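Colleague: In order, the protein sequence lines correspond to chains V and Y. Going by this note's numbering, the first residue of the first sequence is number 1, and it counts up by one from there. Going by this note's numbering, the first residue of the second sequence is number 1001, and it counts up by one from there.
Please keep in mind that the hints were generated in silico from the structure rather than gathered at the bench. Being a predicted model, the structure only gives us computed values, none of them experimental. Ideal placement from N, C-alpha and C gives every residue a C-beta, glycine not left out. A hint or two may mislead.
Capping the alpha-carbon separation at 25 Å, the derived lysine to any residue pairs in SDA-like fashion look like this [said to hold, decoys possible]: (1) K101/V with A1163/Y; (2) K1083/Y with N106/V; (3) K1164/Y with E1203/Y; (4) K117/V with K1083/Y; (5) K1164/Y with F109/V; (6) K1164/Y with D50/V; (7) K90/V with K1086/Y; (8) K1086/Y with A114/V; (9) K1164/Y with N41/V; (10) K117/V with G89/V; (11) K1086/Y with N106/V; (12) K1172/Y with S136/V; (13) K1086/Y with D113/V; (14) K90/V with K1281/Y; (15) K1172/Y with T63/V; (16) K1164/Y with K52/V; (17) K1281/Y with S136/V; (18) K1164/Y with E84/V; (19) K1164/Y with E64/V; (20) K90/V with S1193/Y.
Over 10 Å on every C-beta distance to chain V, these chain Y residues come out as not near it, computed from the model [to be verified]: (21) Q1099; (22) A1163; (23) E1203.
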Amino acid sequence: MAETMCVQVRKCSLRKKPSFLGAPLRDLDYGDQVTIDETRNSWVRVTPVDGKGSGWLHLSALTEKKIILGHDSPEVKTGASSDEIALAGKGFNRQVEERFKQNNRNVDFAPIDAMEKIVISQAEMHAFLVDGGLDSLGEGQT
Amino acid sequence: MKHLTRRDFMEYLGRMGLAGTILPRSVAGWGLDLPISLDEAAGYASSIMKGGKAAMKAMEDFTPEQEYYIGRTVGAVVLSRYKPLKNETANHYLNLVGQTLALASDLPEVFNGYHLLILDSDDINAFATPSGLIFVTRGMVRCCSNEGELAAVLAHEIGHVQAKHGIQSIEKGRITEAIAIIGIEATKTFADSDIASLTETFEGSINDITTTLINNGYSRSFEDEADQAAVTILERIGYSPVNLVNMLKIMYQRLDPGGMDFARTHPSPKSRIKNLEKIIKPDAMAAENSTRARRFKAALQNV
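Make a model of the complete structure from these sequences and hints.
Modeller: The following block contains the structure:
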């Protein structure tokens, strides 16, 4: 049986090639499940469980744990261990950050929010590498 | 049979000299007021003592999502001490170099991506938070004479993120506490008092990390590990790792040995250079490409 893994980051792209410069085929979200079809170094070719398309992901985007988005799922009710499941939004979360802000009004998160908005596009990164005579984040390189 | 609260259990572990040990998840997951007897607690305590690998689990116990919230708050605390440099061109270029390098690391995917910012300070310093927020002072940027040297500084910081050095500077006992509280959420949603105690643990964790980043610095072995990661990242992307050695030489000349910045929190550049020279081939230096020289100057000339 093919191994199943879950996306453990907020968003990632399924790519045509095992490289961050590979053409993005579709986005996957936190908690989405995929089955592993093939492994090449730190890249895996996967099929999302909704069956729509197949493509490459870097392994660091995935966890073997099943990510549970809601508190009322069967796994939570039957008390599956945290070796097997991870609850999205558990522990240190937005709620804790809000409480931290109430307790520490001198700490301003606005510059962090602004910083997080700086996202370099794949096209710009590609041009940066090519123009600078640098390597092209080659296939299976990492 | 006496029923123990979580506090009793923690105190018991403390008496057993286990306060700083990581609880097995199944025990931690029992939460606040579940009944366990002292005998049962003793059984778990001895199984913890056998579990030598337990402490290694500390890092794994935080999901990338939780590391993200830790990282954001550490970043906000850093920015309560240093102002961001208001220079959009320079900050965009820093992100272009840094985000590209991060994709060549062993941890290219973090919860919300890598993001970088120049701090408006003449100190020579750089910080990385868990989950990939990277700060570099103007003083540090000015030490870099070309793009390769800037890349070397950023690759070193990415090395700290990749190896989760920030998370590892949280006191072990605090992680035990956090896990004990976090565990209960598997069976019920948080009560207000749980949020309050979780926030207390969160504040302590943030304090552990910022104290390490800003005041105490990482251990010598963590710095060496970040240097080695930097060499790999630089080589993967096509920058010469000699840039890291060059950068350390410049810093060695410019650092004020009694200063409050990088000199205080890092091992001497001289010893790091010695270690790097063992792993870098002497002929590794590639000529600096003219496009790189041009864009480096254009982006950072006003920093």
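Colleague: All the hints need checking, so say for each whether the structure fits it.
Modeller: For each hint, the structure was consulted:
{"no.": "1", "hint": "K101/V with A1163/Y", "verdict": "violated, 28 Å"}
{"no.": "2", "hint": "K1083/Y with N106/V", "verdict": "holds, 13 Å"}
{"no.": "3", "hint": "K1164/Y with E1203/Y", "verdict": "holds, 19 Å"}
{"no.": "4", "hint": "K117/V with K1083/Y", "verdict": "holds, 18 Å"}
{"no.": "5", "hint": "K1164/Y with F109/V", "verdict": "holds, 22 Å"}
{"no.": "6", "hint": "K1164/Y with D50/V", "verdict": "violated, 33 Å"}
{"no.": "7", "hint": "K90/V with K1086/Y", "verdict": "violated, 35 Å"}
{"no.": "8", "hint": "K1086/Y with A114/V", "verdict": "holds, 12 Å"}
{"no.": "9", "hint": "K1164/Y with N41/V", "verdict": "holds, 21 Å"}
{"no.": "10", "hint": "K117/V with G89/V", "verdict": "holds, 21 Å"}
{"no.": "11", "hint": "K1086/Y with N106/V", "verdict": "holds, 20 Å"}
{"no.": "12", "hint": "K1172/Y with S136/V", "verdict": "violated, 40 Å"}
{"no.": "13", "hint": "K1086/Y with D113/V", "verdict": "holds, 15 Å"}
{"no.": "14", "hint": "K90/V with K1281/Y", "verdict": "violated, 46 Å"}
{"no.": "15", "hint": "K1172/Y with T63/V", "verdict": "holds, 24 Å"}
{"no.": "16", "hint": "K1164/Y with K52/V", "verdict": "violated, 34 Å"}
{"no.": "17", "hint": "K1281/Y with S136/V", "verdict": "holds, 22 Å"}
{"no.": "18", "hint": "K1164/Y with E84/V", "verdict": "holds, 22 Å"}
{"no.": "19", "hint": "K1164/Y with E64/V", "verdict": "holds, 19 Å"}
{"no.": "20", "hint": "K90/V with S1193/Y", "verdict": "holds, 15 Å"}
{"no.": "21", "hint": "Q1099", "verdict": "violated, 5 Å"}
{"no.": "22", "hint": "A1163", "verdict": "holds, 13 Å"}
{"no.": "23", "hint": "E1203", "verdict": "violated, 6 Å"}
Consistency with the previously given hints fails for numbers 1, 6, 7, 12, 14, 16, 21, 23, ordered from lowest to highest.
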